[in-house]
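**Student:** Spelled out, the chains give:
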Amino acid sequence: MSTMSLEPVRGRTDEMIVNMGPQHPATHGVLRVVLGLEGERITRAVPHIGYLHRNHEKIEEARSYPQVIAYTDRMDYVSGTQNELPFVLAVEDMLGIEVPDRAKKIRTMFFELYRLASHLVWMGTAMLDLGAISPFLYTFWDREIILGIVEKTAGARMLPNYYTFGGVRRDVHPDFFKDTADFLDHMERRMVDYEHLVLESPVVHARTIGVGVLSKERAIARGVSGPVLRASGVAYDVRKAFPYDAYPDVEFEIPTSPDGDTYARFWVRFQEMYQSIRILRQLVELTPKTGPHKGKAPARIKPPAGERYRAVENSRGELGVLVVSDGTDKPYRVKHRGAAFSNLQIVPDLFVGAKFSDSIAILSSLDPVFGEIDR
Amino acid sequence: MSLLQEVWQAVKAIGTGMATVHKRVYEDAPTEFYPYVKPDLPPVSVQSLALVENEDGSERCIVCLQCERACPAQVITIERHRNPEGKGFLIDRFDIDLVNCMYCAACVEACPVSSIVTIQDFEMSTYDLQTLKADIDFLHEQARRARQWYSPKFGVELRTEDGRIEKAPPEMQPGGLAELLKPAEEVDS
Ligand code: SF4
Ligand code: SF4
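So the protein sequences, as listed, match chains A and B.
So the first sequence is numbered by UniProt numbering: it starts at 1 and just counts up by one.
So the second sequence is numbered by UniProt numbering: it starts at 1 and just counts up by one.
Read the hints as simulated data drawn from the structure, not as lab findings.
These numbers come from a predicted model, not from an experiment.
Hints are not guaranteed to be accurate.
[Said to hold, decoys possible] Under the rule of at most 30 Å between Cα atoms (straight-line distance), these lysine-lysine pairs were calculated in the DSSO-like manner:
no.: 1; chain 1: A; residue 1: K330; chain 2: B; residue 2: K133
no.: 2; chain 1: A; residue 1: K240; chain 2: A; residue 2: K216
no.: 3; chain 1: B; residue 1: K87; chain 2: B; residue 2: K12
no.: 4; chain 1: A; residue 1: K296; chain 2: B; residue 2: K38
no.: 5; chain 1: A; residue 1: K178; chain 2: B; residue 2: K167
no.: 6; chain 1: A; residue 1: K58; chain 2: A; residue 2: K335
no.: 7; chain 1: B; residue 1: K133; chain 2: A; residue 2: K58
no.: 8; chain 1: A; residue 1: K240; chain 2: A; residue 2: K335
no.: 9; chain 1: A; residue 1: K289; chain 2: A; residue 2: K240
no.: 10; chain 1: B; residue 1: K153; chain 2: A; residue 2: K104
no.: 11; chain 1: B; residue 1: K12; chain 2: A; residue 2: K355
no.: 12; chain 1: A; residue 1: K240; chain 2: A; residue 2: K104
no.: 13; chain 1: A; residue 1: K296; chain 2: A; residue 2: K240
no.: 14; chain 1: A; residue 1: K178; chain 2: B; residue 2: K153
no.: 15; chain 1: A; residue 1: K296; chain 2: B; residue 2: K167
no.: 16; chain 1: A; residue 1: K302; chain 2: B; residue 2: K153
no.: 17; chain 1: B; residue 1: K167; chain 2: A; residue 2: K289
no.: 18; chain 1: A; residue 1: K330; chain 2: B; residue 2: K23
no.: 19; chain 1: A; residue 1: K302; chain 2: A; residue 2: K330
no.: 20; chain 1: A; residue 1: K178; chain 2: B; residue 2: K23
no.: 21; chain 1: B; residue 1: K87; chain 2: A; residue 2: K289
no.: 22; chain 1: A; residue 1: K330; chain 2: A; residue 2: K104
no.: 23; chain 1: A; residue 1: K58; chain 2: A; residue 2: K178
no.: 24; chain 1: A; residue 1: K178; chain 2: B; residue 2: K38
no.: 25; chain 1: A; residue 1: K335; chain 2: A; residue 2: K216
no.: 26; chain 1: A; residue 1: K104; chain 2: A; residue 2: K178
no.: 27; chain 1: B; residue 1: K23; chain 2: B; residue 2: K12
[What the hints assert, rightly or not] Covered by chain A, per the in silico footprint, the following chain B stretches (three or more residues, Cβ under 8 Å):
no.: 28; region: 26-33
no.: 29; region: 36-46
[Claimed, not checked] If you want the footprint, here are the derived chain A segments under chain B, 3+ residues with CB under 8 Å:
no.: 30; region: 62-73
no.: 31; region: 146-157
no.: 32; region: 163-175
no.: 33; region: 189-199
Cβ atoms here follow ideal geometry from the backbone N, Cα and C, with glycine treated the same way.
Given only the sequences and the hints, what does the whole structure look like? Please build it.
**Tutor:** Quick look at the structure:
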């Protein structure tokens, strides 16, 4: 099979070649998959990406270090500040910048708020793909509250440009902790509803259980990470394996499921939302209400020549960045390891053999975000 | 699963769904009916940029080019010449391409005199993108129309009815006033 396009096989008349996307509403953006269909079954699948390519990595080579942070935001636009963290951590490591404890905790709180926001968007759109409209409206309602909390402090809702070297740009709004605690109460009530509407729904069971099974070996071989990997039974989480920021201070578990099917991926994301709520509850208590939000950082960021890889566990998996410095105020190279990009690699594996309508459910369980995949 | 069980499952699922929907009908939505109700944005919200003048109409900007250097999207263009009488510089040109600006507020962060500020005027829709290539008059006009604006150095400032500029009371200030009273600790490398 050619990697670029699907050629019809000579003499085979029972296979139909169908182009899904890039404008298909269920491809979560601009994914295009060329499918070979034999009746309802998918026989071949070739994904095409790049419709949202914006040349991030090259632009970042031409920007100074503080300017790059604003660009990293634009990758995974659903999970805001999570994108900034690997770059900020890598540069802090290179320069040896100390981050105050309170700043670390604030960063972690924003990180987990955005994980909730991102999983809510996933839940809404995944259910939309399965044909349910009201969960979409409810999840965006709850996400609206998270974005409101973020906007009050950071000044923007989706692309806040909030983290900076040595901490965060400005102190949190005086209401931040109270707002977050209120939101968590609200969210806990809502999770009961979501369990009813999503996890316990017989329609969801019928559409997802046993569909798109990803074995443990295959998941590791393809380099997937995040909820997709954990749903295949591998308990790998960067937050535990290579702790960063305030994660060593809080208690949480890594939910895993041995099944590896679409339902397992739904279930793992649900459990992660409970863990996020748990982490946030602890951090609301632990974070000092006043104190420094930013450590001492040089006015001109010029890391010594060298390179550094740092990864974080964002909503989709391991989001890493390799920063190569040549000693000037602009990075020599910035390479992003996209979590959604790596997770998309299993699309041909999972699609082949599945029914066409199941491919939509499988794709939504991978939760791709094309800002980050195409970069 | 027998047919009876399946029917029961379906009925139960529809019942649960309906009950959840019913619960939500009576809750207040967090959204506004936008054109009729204007959203109450927090004062730090970055919606547009403006260039503030002093109360007497003189320029606050000292044309230090810090904002131009800080801008990641490189959409600020400033030209200046030396002031023939007295110190400092005078502005020849101060353009911000608000079409390509990504509202990251890095310029506001960099300005030493809080001349360039963020405002909450988000209604910038236009038929002609060229009108958003803001020149200095446009940016001044934005500031004159704004009732409040924010910059990290001075915090939230208000324009009173008679055109004076006042610092907003502490309860309106974001992120703790302590941050504003104490300039950011920075060491030179
Ligand atoms: S908000 Fe950001 S992109 Fe826009 S002019 Fe200021 S620094 Fe440039
Ligand atoms: S940083 Fe402020 S003072 Fe300096 S040129 Fe820009 S607007 Fe003017």
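**Student:** Determine for every hint whether it applies to the structure shown.
**Tutor:** Verification of the hints:
Annotation: proposed proximity of K330 (chain A) to K133 (chain B) holds, straight-line Cα distance about 28 Å (limit 30 Å). A threshold of 30 Å between alpha carbons decides the hint, and for K240 (chain A) with K216 (chain A) the separation of about 19 Å falls inside it, so the pair holds. With a C-alpha separation of about 79 Å, the suggested pair K87 (chain B) and K12 (chain B) falls outside the 30 Å cut-off, and the hint is violated. Taking the CA atoms of K296 (chain A) and K38 (chain B), the gap is near 40 Å; set against the 30 Å cutoff, the hint is violated.
Between K178 (chain A) and K167 (chain B) the CA atoms are separated by roughly 26 Å; this keeps the pair inside 30 Å, and the hint holds. Our distance criterion of 30 Å between C-alpha atoms is met by K58 (chain A) and K335 (chain A), whose separation comes to about 9 Å. Between the alpha carbons of K133 (chain B) and K58 (chain A) the distance comes to roughly 26 Å, so the proposed pair stays at or under 30 Å and holds. Restraint check for K240 (chain A) and K335 (chain A): the C-alpha separation of about 23 Å stays at or below 30 Å, so the hint holds.
Using a Cα cut-off of 30 Å, the hinted pair K289 (chain A) and K240 (chain A) holds, with the two alpha carbons roughly 26 Å apart. Between K153 (chain B) and K104 (chain A) the CA atoms are separated by roughly 23 Å; this keeps the pair inside 30 Å, and the hint holds. For the hint linking K12 (chain B) to K355 (chain A), the alpha-carbon distance of about 28 Å falls within 30 Å, and the restraint holds. For the hint pairing K240 (chain A) with K104 (chain A), the CA-to-CA distance comes to about 16 Å; that is within 30 Å, so the pair holds.
Proposed proximity of K296 (chain A) and K240 (chain A) is supported: the alpha carbons are some 27 Å apart, at most 30 Å. Taking the CA atoms of K178 (chain A) and K153 (chain B), the gap is about 26 Å. The hint holds against a cut of 30 Å. Restraint check: the Cα-Cα separation between K296 (chain A) and K167 (chain B) comes to about 28 Å, which is no more than 30 Å; the hinted pair holds. A C-alpha spacing of about 24 Å is found between K302 (chain A) and K153 (chain B), which places the hinted pair at or below 30 Å, so the restraint holds.
For the proposed pair K167 (chain B) and K289 (chain A), the alpha carbon gap of about 24 Å is at most 30 Å, so the pair holds. Restraint check for K330 (chain A) and K23 (chain B): the C-alpha separation of about 54 Å exceeds 30 Å, so the hint is violated. Under the criterion of a C-alpha separation no larger than 30 Å, the hint pairing K302 (chain A) with K330 (chain A) is consistent with the structure, at around 8 Å. At most 30 Å may separate the alpha-carbon atoms for a hinted pair to count; K178 (chain A) and K23 (chain B) meet this at roughly 25 Å.
Between the alpha carbons of K87 (chain B) and K289 (chain A) the distance comes to roughly 44 Å, so the proposed pair goes past 30 Å and is violated. Between K330 (chain A) and K104 (chain A), the direct Cα distance comes to roughly 25 Å. Compliance with the 30 Å bound is thereby established for this hinted pair. Simply put, K58 (chain A) and K178 (chain A) have alpha-carbon atoms about 41 Å apart, too far for the 30 Å limit, and the pair is violated. Under the criterion of a C-alpha separation no larger than 30 Å, the hint pairing K178 (chain A) with K38 (chain B) is consistent with the structure, at around 25 Å.
Between K335 (chain A) and K216 (chain A), the direct Cα distance comes to roughly 27 Å. Compliance with the 30 Å bound is thereby established for this hinted pair. Using a Cα cut-off of 30 Å, the hinted pair K104 (chain A) and K178 (chain A) holds, with the two alpha carbons roughly 19 Å apart. A C-alpha spacing of about 16 Å is found between K23 (chain B) and K12 (chain B), which places the hinted pair at or below 30 Å, so the restraint holds. Here's how the region 26-33 of chain B fares: 3 of its residues keep a CB closer than 8 Å to some CB of chain A, so the rule of at least three is met and the hint holds.
Here the region 36-46 of chain B counts 5 residues with a CB under 8 Å from a CB of chain A, which clears the bar of 3, and the coverage holds. Counting residues of the region 62-73 of chain A whose beta carbon lies closer than 8 Å to any beta carbon of chain B gives 7, which meets the minimum of three for the stated coverage. Coverage of the region 146-157 of chain A by chain B holds in this model, with 7 residues showing a Cβ closer than 8 Å to a Cβ of that chain against a need of three. Residues of the region 163-175 of chain A lying with their CB closer than 8 Å to a CB of chain B number 6, which satisfies the three-residue condition for coverage.
Residues of the region 189-199 of chain A with a Cβ under 8 Å from some Cβ of chain B number 3, which satisfies the need for three, so the listed coverage holds.
In terms of the numbered hints stated before, the structure departs from hints 3, 4, 18, 21, 23, listed from lowest to highest.
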